[in-house]
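Q: Need the complex rebuilt from these two chains, each delivered in its own frame; the hints are there to steer you.
Chains A and B supply the protein sequences, listed in that same order. Residue numbers for the first sequence, in the working numbering: 5 to 159. Residue numbers for the second sequence, in the working numbering: 191 to 341.
Among the hints, a few may not be true.
What the hints assert, rightly or not - Facing chain B, according to a computed beta carbon distance under 7 Å, are these residues of chain A, among others:
no.	residue
1	V66
2	R69
3	H78
4	N85
5	E106
Said to hold, decoys possible - So these bits of chain B aren't anywhere near chain A, every CB distance computed over 12 Å:
no.	residue
6	S200
7	H216
8	S219
9	S223
10	A274
11	F276
12	S323
13	F331
These are calculated hints, taken from the structure and not from any lab test. C-beta: ideal position from N, C-alpha, C; glycine also.
The residues making up each chain are set out below.
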Amino acid sequence: MAVTPETLEAFFGQYGWTYERTGEGDLGTDLRTGFRGDTGVFRIYVRLVENWVFFSIAPFVVAPRDPECERKLHRFLLRKNYEMNIAKFTVDEDGDVILTVELPTASLDYSEFADALGALAYYADDAFTQTFILAHVPQAHSLYEEKQDLDWGAG
Amino acid sequence: MSVTAETIASYLEQYGWSYERVDDTHFASGFRSEAPEPFSVHVTLAPSWVFFAITPFVGAPKDIQCERKLYRHLLRLCQQINMAKFAVDSDGDIVLAVELPREHLDYGEFADALDALSVYAGDTFAAVQALASDPAAVSAFAEEQDLDWGE
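So that you can see chain B by itself, here it is in the shape it has in the complex (with noise of 0.2 Å):
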């Protein structure tokens, strides 16, 4: 049976995170971290899916040398992550979103999909913003890769 907006709002009173209802398919909630700002988080139904999406994570990269290490440093996340992906819309914002099937969508898949934004939000902001907002960050992966070189 596919999940209703009405789902939707018992697991997010559930999950204690209180919840705006934009609309009949989109609700607003968010949670704080160590991050300086509250991550939004969106909960959008589509006809077989359920989205939940930090957007935007970070804002667009104005720096061309920003942008090539961030891409690269989201790829080889989305690489280490399980059931979230980083990506990136059309106004150049990073997202970070989970999907799932709304056709038997339970709690306890509710509940992973919020936890593993949360966690994800929280061990990967600081490196993003960095890399998104100094040419100079270096990522984590680009430093792997020069210990290798040197081996």
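Just chain A, same shape as in the assembly (with noise of 0.2 Å):
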């Protein structure tokens, strides 16, 4: 069955979001909604089109300014990729950071819209404060460095 931006607001309806339906174009539709979380308040994006419905917290922290925040962050993001699922973080043209979450609609389900809202939440209450500090205070270690610390201690 296709899903429509119909389908989608039927499940924000089930999942008790309050949403707005923020476009409809050529680049497909958009809906926007939010939470408010432990760490902070989130706007999500979700974009359907043809094939695809990605739901999206951009950005979840803007670019760091310094390049040694840059790289830490960096392998903070990808070391997450590494540990989460169904999610991903990304970065943008302008090195803004982003948490998204992409299904295919051919089979798309209530219960996969809720998995994906749940792991949108769920990790970026759970990532944020850490990627926000990484990105701007130089200084700062990212809990995989203390943990590959522990590591050499270890040997």
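A: Printed below as a string of structure tokens:
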């Protein structure tokens, strides 16, 4: 069954989150929602295109200005990509960090829709503080660097 | 219904790739592309997920300058590709991965996952390898940015 903007609106109703339909055009249909987590308020953009639906928090954190912040931040994001299921961190052309989930629409049902929003909400709250600090504090250390130091100590 | 190891074995056979069943939840397979070495693909069954990964896709960069350019390149690629993502494992090696829910995984989705790994591996390997090993290598995304500035 084809997923339409109305399907997504029905899923939002079932999930219990308010949403706003913000645009419709050649690029697809856009909706916007959001939530208040433990670490901040996050706005989620949902875009439905022909074969995919994208859920994104963009920007999750704005681009770091310091090159050392950028290196540590990017390594942290790629380590997170290794650990996370369903979601991934990306960087846009401005260097801003995006947290995203993408699902094929071919067999999209409510449970996958709910998993996508659940994953975004969980990972956003879980990673926001560390991501923000790494992006802006050159002296900050990622939890993965600390783990690596511990590994070396054990050797 | 959740797929079993037997289902995965049958899907790999249908896809036409030879494989080794390493244990109850892990299959090793691979493919050749234009890259000098074949890619090793690992298919792993977790309780709720099936993981497909080329690991290592490229070994960890040794040079901090390479690291900086490579990581940004990989995160930019992540924005452009669907279904798959790049990641870094605990050894610093680069991984190209696809993950799908184990529940109701049908052959079409399974084939899409292997197709995605094959296509993205072939398309991105040369640049990723160069950025990981050559401090003078330049990412296509950095070139795009330079063009923007020039306008």
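Q: I'd like to know which numbered hints this structure contradicts. Please list them from smallest to largest.
A: 1, 2, 10, 11 and 13
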